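These are the residues of each chain, in order.
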Amino acid sequence: EDQVTQSPEALRLQEGESSSLNCSYTVSGLRGLFWYRQDPGKGPEFLFTLYSAGEEKEKERLKATLTKKESFLHITAPKPEDSATYLCAVQAGGGYNKLIFGAGTRLAVHP
Amino acid sequence: DTEVTQTPKHLVMGMTNKKSLKCEQHMGHRAMYWYKQKAKKPPELMFVYSYEKLSINESVPSRFSPECPNSSLLNLHLHALQPEDSALYLCASSQDSGTEAFFGQGTRLTVV
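Protein chains in written order, with the numbering used here: chain U, 1 to 111; chain F, 1001 to 1112.
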């Protein structure tokens, strides 16, 4: 069965304290792995798409990487405005447009 | 422009009411989705439309009825809902399978 597990469940950082979020997955034929940011009461905001092991994407203080079994979202020198829930999702093979979401990591960055 | 627009933003309805949620995108995307999200949980897929045809129904109760009038619009018709159906309902669209989905801001539904 296709499965996505994110860790940690919650993370508290001081402003400027870099860290990484983990997304491990078990899926038959990965078509894509996606990272989203979600603020309370709002829809998920797309961040990155990764397709193959070894791929990396960067945007401001965020960098996403992918291996054959997991993905990491690295946050460098975070600011309070980076506080949000970060969701990882995978799309499996089979021609179906179905995203399987992990439970998310709730990130709080304090000044 | 990567905007998906959902209306209304908030909806309160009684268990005997009939209401509809609306979603619109003008990105030329051919796949559109309905998700349901409860507090502190990830989004759960309800329906997928691909090229205006229903391709996935995740065993959703018949009190939820999706409709795709054209490639830009997606509706979710609601009838005889239960209080446990209260949630954030999210619409999303993607170019096709295997590409990123863009989400709307959601409709916060409360069933009383």
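Hints may contain errors.
To be verified - Capping the alpha-carbon separation at 25 Å, the derived lysine-lysine pairs in DSS-like fashion look like this:
(1) F/Lys1041 x U/Lys42
(2) U/Lys42 x F/Lys1036
(3) F/Lys1022 x F/Lys1009
(4) U/Lys42 x F/Lys1038
(5) U/Lys98 x F/Lys1041
(6) F/Lys1009 x F/Lys1041
(7) U/Lys68 x F/Lys1009
(8) U/Lys42 x F/Lys1019
(9) F/Lys1040 x F/Lys1022
(10) U/Lys59 x U/Lys42
(11) U/Lys69 x U/Lys79
(12) F/Lys1038 x F/Lys1018
(13) U/Lys98 x F/Lys1018
Read the hints as simulated data drawn from the structure, not as lab findings. Because the structure is a prediction, the values reported are computed rather than measured.
Here's how the hints hold up against the structure:
Taking the CA atoms of F/Lys1041 and U/Lys42, the gap is near 13 Å; set against the 25 Å cutoff, the hint holds. Restraint check for U/Lys42 and F/Lys1036: the C-alpha separation of about 12 Å stays at or below 25 Å, so the hint holds. This hinted pair checks out: F/Lys1022 and F/Lys1009 have alpha carbons roughly 10 Å apart, not beyond 25 Å. Restraint check for U/Lys42 and F/Lys1038: satisfied, since their Cα atoms lie roughly 12 Å apart, inside the 25 Å limit.
In summary, the hint linking U/Lys98 to F/Lys1041 is supported, as the alpha carbons are separated by about 17 Å, within the 25 Å threshold. Between F/Lys1009 and F/Lys1041 the CA atoms are separated by roughly 19 Å; this keeps the pair inside 25 Å, and the hint holds. A C-alpha spacing of about 39 Å is found between U/Lys68 and F/Lys1009, which places the hinted pair above 25 Å, so the restraint is violated. For the proposed pair U/Lys42 and F/Lys1019, the alpha carbon gap of about 21 Å is at most 25 Å, so the pair holds.
For the proposed pair F/Lys1040 and F/Lys1022, the alpha carbon gap of about 24 Å is at most 25 Å, so the pair holds. The suggested pairing of U/Lys59 with U/Lys42 holds, with an alpha-carbon distance near 21 Å, which does not exceed 25 Å. Pair hint U/Lys69 plus U/Lys79 does not hold up; C-alpha atoms about 29 Å apart against a cutoff of 25 Å. Taking the CA atoms of F/Lys1038 and F/Lys1018, the gap is near 21 Å; set against the 25 Å cutoff, the hint holds.
Between U/Lys98 and F/Lys1018 the alpha-carbon distance is near 28 Å, which puts this suggested pair outside the 25 Å criterion.
Of the numbered hints given earlier, the model fails hints 7, 11 and 13; all others are met.
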